[in-house]
Amino acid sequence: MTEKVGVYICHCGTNIAGPVDVEEVARWAKENLDGVVLARDYRFMCSSLGQELIQEDIKNEGLTRVVVAACSPHLHEKTFRTACSKIGLNPYLTQMASIREQVSWVTEDRAAATHKAKMMVAGAVRRVQLQEELQPTEVPVNPNTLVVGGGIAGIQAALELADAGHKVFMVEREPSIGGHMAQFDKTFPTLDCAACILTPKMSDVGLHENIELLSYAEVDSLSGFVGNFDVRVRKKARYIDEDACTGCGICIEKCPKKVVDEVFEAGLGYRKAVYRPFPQAIPKFPVIDRDTCIYFERGTCKACEKFCPTEAIDFEQTDTYLDLNVGNVIMATGYDLFDCGKIPQYGYGRLANVFTSLEFERLCNAAGPTEGHILLRDGVTEPQSVGIIHCVGSRDKQHHAYCSAVCCMSALKFGHLVMEKTGAEVYSFYIDMRPLHKNYEEFYDRLLQEGMHFIRGRVAEVTDAARLPGEDGKLIIQAEDTLIGKQRRIPVDMVILLGALQPRFDAKETGLKFGVSAGLDGWFTERHPKLDPVATMTDGVFIAGTCQGPKDIPDSVAQGAAAAARVQGMISKGTVLIEPIVATIEEARCSGCRICNTLCPFNAIEYLEDKAVSYINPALCKGCGTCVAACPAQAISGAHFTNDQIFAEMEGLLYDVIGSNGATVKSPQPALEPA
Amino acid sequence: MSRSLGNKDDAFLNEVIEATPGGEALVTCLQCGTCGGSCPSGPDMDHTPRQLFQMINAGMRQEVLQSNAPWYCVTCYYCMTRCPKQIPITDLMYTLKRMAVRAKLYDDSDAPDWSSSFIGFVESYGRSFEFGLATRYHLTHSPLRKVGVGPMGLEMIVKDRMPLRPERIKGIDQLRTILDTAKSLEGV
Amino acid sequence: MRYGYYPGCSLTGTARPYEVSTKAIAGPLGLTFEEVEDWNCCGATEYMSLNKTAAYALVARNLALAAGEDKPKDLVAPCSLCYLNLRKTNHYMAKYKSLGKMTNQALAAGGLHYTPGSLNVRHLIDVIVNDVGYEALGARVTRPLTGLRVAPYYGCLLVRPDLNGGSFDDTEYPTHLDRLMETLGAEVVDFPLKTHCCGGHMTQISAETAYELIRRLLHNAAEYRADLLVTLCPMCQFNLDAYQTQVNRHLGTDFHLPILYFTQMIGLAMGMEPKALAIGQEIVSAASVLRKIGTAVEVEEAPQTRRKRDDKSLPMPRIREG
Amino acid sequence: MSDGGAPTPEKGKLALYWAASCGGCEIAVLGIDDKVLKVAEAFDIVLWPCVMDGKVRDIEKMPDKSIDLCLFNGAIRTSEQEYMAQLLRRKSKVLVAFGSCAAEGCIPALANMNTREEIFQTAYHDTPSTDNPDGVRPQIETEVPEGTLHLPLFYDTVKTLGQSVEVDYYLPGCPPEPDRIWDALVAILTGQLPAPGSVIGATTTVCDTCPRTRNEKKIKEFKRTWEIIPDPDTCLLEQGVVCCGIATRAGCGALCPTVGSPCIGCYGPNEGVVDFGARMMTALASVIDSQDPDEIDRIIQEGIPDPIGSFYRFGLANSLLRRKALAHNGDGRVAEPA
Amino acid sequence: MSESAFEPKIVGFLCNWCSYRAADLAGTARMKYEPNIRIIRVMCSGRVDPTFVLKALSLGADGVMLAGCHPGECHYIEQNYKTIRRFKMLKHTLRALGIEEERVRLQWASAGEGALLASAINEMVDQVRELGPLYWPGNWADNEGSQDAIQALPREHAEAMEVPA
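Protein chains in written order, with numbering that gives the first Met the number 0: chain A, 0 to 674; chain B, 0 to 187; chain C, 0 to 321; chain D, 0 to 337; chain E, 0 to 164.
Just to be clear, a hint being listed does not mean it is correct.
Claimed, not checked - Here are the simulated DSSO-like pairs of lysine-lysine, each with C-alpha atoms no more than 27 Å apart in a straight line:
#1 A:256 - C:311
#2 E:87 - C:96
#3 C:22 - B:158
#4 D:34 - A:507
#5 E:87 - D:219
#6 D:92 - D:34
#7 B:169 - C:22
#8 C:311 - A:253
#9 A:341 - B:84
#10 A:166 - A:77
#11 D:217 - A:507
#12 C:72 - A:257
#13 B:158 - C:274
#14 E:31 - C:22
#15 D:217 - E:87
#16 B:182 - C:100
#17 A:256 - C:70
#18 B:84 - C:96
#19 A:473 - A:341
#20 B:169 - C:96
#21 C:94 - A:396
#22 C:291 - B:158
#23 C:94 - B:84
#24 C:72 - A:473
#25 C:100 - B:169
#26 A:341 - C:96
#27 A:572 - A:529
#28 E:31 - A:529
#29 A:507 - B:84
#30 A:301 - C:307
#31 C:22 - B:182
#32 A:166 - A:341
#33 B:169 - C:70
Source of the hints: derived by calculation from the structure; they are not laboratory data.
Can you make the complete structure from the sequences, with help from the hints?
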């Protein structure tokens, strides 16, 4: 081995130097480890002076490899790599040993800590000598962006990008954009009308010259890599010619088939078989629902076609596919509401006047089935008392362990609306009130003043089985009022269940399609929970809004904008560097057995039929190394994590077992401990 | 990572957890009240289960073991099934009963005595014996009430639903050995 | 179909009608029950109150006696309380290793051993609706229970606790007994308190508490104009039947609701003689309501499915299956 | 290989030796057919116990490095074999581990799943055909009136040639294919050799030469050969048959899979692989089509009842762990510092 | 040697995204755990080739821990499922070679589960300490008396076998 290794042991103040004898580690490394030409200990290696120390040594001593034993590489690997590359040493020729997180902070005994630190330094020293220079590759970024999902987060992201002059393709599954927000009546805590603030943004999207809106469409497949994604979009047949349709709505008027609207009206209202979810829908074109249309059912009817003034009805339409090329993707696919029927003791689906939060939004909405009148399921009676149940499916290990973040504020909003519109008594049953953001606590205070009743206790059950005076004909909410410590039964006319926000039913499948992972709870995982909240593990794919976790409108908008800003950064730079930690297949060794072909979730591995070998696209490879470990011919190697590098590290870590020459020795470590 | 560092109150908590299969979940109690709200005999309890858990957390051994709540438990398992933290509440109630009896802290003796009368028959015959149980227990505890339910007992006998003689299982000695061993293993 | 059979103490006493009717229908339904030899009491809700390990050992002795190469793998208990204790012990011994180990140490003192999970503990109704099946059962109905308004009463311990999803039916809103009664031709009321508590052992130690719980059930069933309650648990039957008079006297009510076992109902529908099913041994006589069977009763008109023009009502939520 | 007319260079010296092996390698040498004559042209054979008489002491007396080429087949399982390996190493310029036994232990090394004691127990006591009323066991030294008789020491652990002495080249195969033998001889004679210590052979695996069609692999169940009649054109592994061709060095011409029998791995691992079994394990496990731990367990337990036989049939001695744990392991261990 | 003096040496392979971060967290939270584990960072538990485990054991490690993201939480979507399969396959083989269950362990630890990782390490160290040293190379280091036997051979050849001319 001809490499010249410099070893630097960081004191980290007393963080390391306290529990570890750093001088001893440095002395030992210099004396015992092959290749080490110098070993220093220093108070703070990450300080500019510490970095200069390394740079001086590279310059003066001709170091070809650098080992820094300090904190976790997750903190400062980049720091030291940059420091080395500034002076001309390839950044991948450095290695860190995490002797703070893995030694000094977790080990009680000083001798044991010092010994472990030595072994870790030995591992790094062995490994670093086998490390190779690596160069990131640079690829151009296509300035077009795909935004998946036209809810408020997606809308915000699309507008930010489009306004900045970049082309955006927006794909929306439903016939109109708007998402859940379009279903809401008011927004908390300001009580703005949701439609009033949302619809202008929706029409901006519809009219924007830089936005191509693909509604009633879904992403079929995604391939390629950051800067250069190929997207195939399936535009579902609308049976309406978008070029001819003026959006006059006569077809809807004339359609004889009325069905329950399970999506926009949350199952609480009706729509026609040809429909537009709501009057302000963007785009304005209706959709013929093939599953309920009389013509598709029986082969006759065509009332819409007869009356359409522009002959825009086309029953022969089929799904079409669109191939797009984009540089980045923003996923804003939103959430589903928890199926409240899964908690049978709350009676949803059995007791008529138990509603979900989304149903209630529609009930409240002037454009909804009751024109904004809060009425019981009979459609006539106004409730005189309403119970609101929090945490339905949230904070519950049997369903979703997480807090859905928006329900407390929804409860306050609903309480206000009920009292304002009906004068009914409102009871809110909560576990903890969480009005966390700006002006939220003030809103809580307002509702207290308005006379809403708050009962701290998770509801045990909702029943129509009366047993006390005053309960007949009511829904009785039974709960422990935990602040009193007594069981209470509150008879009400209407119950609103604040169902949990949960990942889309097809989130897992979507995640696989886009190379985005999800946590155990099913929400998409951000690259870093604090410091990289909208990026994902797949470069060039960003997440925004509730697909990442429960959040309210302001947070969704902020994430939409943040994702757009990240994309703009990529577009401005024009190129991206692709991490060189990738796997490669040595063609001469590959027998084309195809074991590896199914192993890559990022589709980086392809089989070249002509050469009968497999090939890894470095731009798609994320460097996980799974294929490297799988190759039976050992034809695949993983840069920066080669077998030899890992073996060398292992031999170093087991220095006390095998000694300096790599051969296993029988006397493990007598010479190593300071006397 | 022991939870007990520096908290003198945790001895009682740990004792309760130790004695209950799955008892560790107790520490995650949200204090949401689903248990107390669901309990059919909740109104009769001096403390709801939720309160007992907080009291256990606070190390209030005496007050907890004197509570009537565990003895009012009808073992309907509503609380345990609905608990959002999956705390085995019914099992915890059993634990508290056992601890109360051993600590001789529960002063209303009806419930524990009903249990021990029942157990007495099981340990002598291997089966329960309803007639014997009814007469023995009610005579010692509520002779007045016995009169009240008397005709019902009589009717049960008339309807051939209450045998007057207990049945003893063949392996009663084996059963006793098993039960004695179990008790000694538990350190009772 | 062969099953191990654990009757439990009640079936030899207060729940004799349950035992008699179970045995009566078993043969015709093709069920063979092999009674666990020399079984002992399951400890009810009492043993656990005083001793933990001994309580599990008490139950485990039965499991050990029931298990064996040549013995049926399914162990059936008609009593919900026995079913719970057997099922819970089976589950806990596996889930909590030290408990399982200690219990087996105790068993070893009696020369026994039980490997948790080697038996499937099942309730009688589970076997009837799942193994025999609604269809086969329906085919055997010769005297449909038409016109009889039945409140299906499940009680607590058939469906709770869940034990890691191991519950036989929904823990809050089970439907198997409903469907079973429908299969027999009865008119089933959607009984809201179907899984509420009958008072359990409270009748013995705090009668007031129990009377109130019993009253709630009877009151609710009466509200729903049920002719009778059908149950599958001896404790439920006993509390509701034997204490009904006490409740009436104590709370000034006037209930007369017979409480029968589902096995008795099956037997009736299969055309068996009431006496053969031990009908008549109930305290609240079922004689008058049973006269309804076989009598033509007007069937209520089916509710209108078509929406009236002036109907302003909002649609009910669609209930997703599963 | 000189032609008739040219002046004949001085003939080299060739030795062939046979340690723990079946003898198939000896026959394989003859498999090169008439080319054996060319070998005879190029070399004087100084030792070939299978074919001609010879005395070890004659070799012992030769000067070091006086043999130009030694083809050594067989694994090292006794002290005598190890001695011969050391002797021939000393006397030879080029030592070739010839065949699977010498290269990686092969079938004889499956004995590493047992101890010497267990093997003796079976061989000298337990087998039905054994008639050994006195319980006689081989002894290293036996005193007889005439003096002391010696037997070689039978090892607990079979070793490869490379684990005993330094080997210049490896020629894998059970036995090596005649064409490969000839290729190797040509390479040696012409000096066109890879780096010392390496295998003379291909750097890819059997699939490369297998005529069967290969697709993406997902395996729901591993099958034994007698359980299916495989489709003649599709990759055997895709049909669930554990075929080692994916991991086995090419060189045989995919003889077995071509005729419908799965590769069992006799050509050993590909270049640079340290553990053949690990490659098989990881590759097969990677394509099991299940994410359910219990199902995975079932697929593995039922499909691969004998993992050592499946993955280490030829390479146990040469694998990282070399053998099954010895009950008395730890004898040689030195105390650890406190 | 005294058994109490034995301190196992355990090699850990931790995935970069979950388990290595769990180790970071255990450190940040100052959770004390046994110093016997020495950790190698890999990008994903899917990188852990069975060869790594075999190599560690063959070098003399007393145990090996693999740690990664929980199934379903892999940062590379689903690679840890491959880890499960390989681990099970490897264990199947190790069992055949007589290596105790506790010596090779697969542990899931998410980035937030520092405490879980620390207690898993402690538990494993305890278990392996209980088992005693593995010291795998000792399995073949000796081959009982082979050196003597080899040296006897030339002596024998020289003495007994030489036929006087």
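Exercise. Are residue 341 of chain A and residue 84 of chain B close enough, with their CA atoms no more than 27 Å apart?
Worked result: Within the cut-off at roughly 17 Å; holds.
For this session: Compare the distance between the alpha carbons of residue 507 of chain A and residue 84 of chain B with 27 Å, and conclude whether the hinted pair is satisfied.
Result: Holds: residue 507 of chain A and residue 84 of chain B sit about 26 Å apart, inside 27 Å.
Exercise. Taken at face value, is the distance from the CA of residue 77 of chain A to the CA of residue 166 of chain A at most 27 Å?
Worked result: At roughly 34 Å apart (the allowed maximum being 27 Å), residue 77 of chain A and residue 166 of chain A break the hint.
Exercise. Taking only the CA atoms, is the gap from residue 22 of chain C to residue 158 of chain B under or equal to 27 Å?
Worked result: Holds: residue 22 of chain C and residue 158 of chain B sit about 19 Å apart, inside 27 Å.
Exercise. When you check the alpha-carbon spacing of residue 34 of chain D and residue 507 of chain A, does it fall within 27 Å?
Worked result: 64 Å, violated
Exercise. Are residue 87 of chain E and residue 219 of chain D close enough, with their CA atoms no more than 27 Å apart?
Worked result: OK: residue 87 of chain E and residue 219 of chain D at ~15 Å, within 27 Å.
For this session: Starting from residue 94 of chain C, check that the Cα of residue 84 of chain B is at most 27 Å away, please.
Result: 18 Å, holds
For this session: Quickly compare the C-alpha distance for residue 256 of chain A and residue 70 of chain C to 27 Å and report which way the hint goes.
Result: Roughly 61 Å between the alpha carbons, so the hint for residue 256 of chain A and residue 70 of chain C is violated.
Exercise. Between residue 100 of chain C and residue 169 of chain B, is the straight-line Cα distance small enough, at 27 Å or below?
Worked result: 26 Å, holds
Exercise. Holds or violated: are the alpha carbons of residue 72 of chain C and residue 257 of chain A at most 27 Å from each other?
Worked result: The given pair, whose Cα atoms are some 54 Å apart, is violated under the 27 Å limit.
For this session: With a cut-off of 27 Å on the C-alpha distance, tell me whether residue 311 of chain C and residue 253 of chain A pass.
Result: Distance of about 21 Å is within 27 Å: holds.
Exercise. Does the structure keep residue 301 of chain A and residue 307 of chain C at a Cα separation of 27 Å or less?
Worked result: Distance ~25 Å between residue 301 of chain A and residue 307 of chain C Cα, so the pair holds.
Violated hints, in rising order: 4, 10, 12, 14, 17, 20, 24, 26, 31, 32; the structure is consistent with all others.
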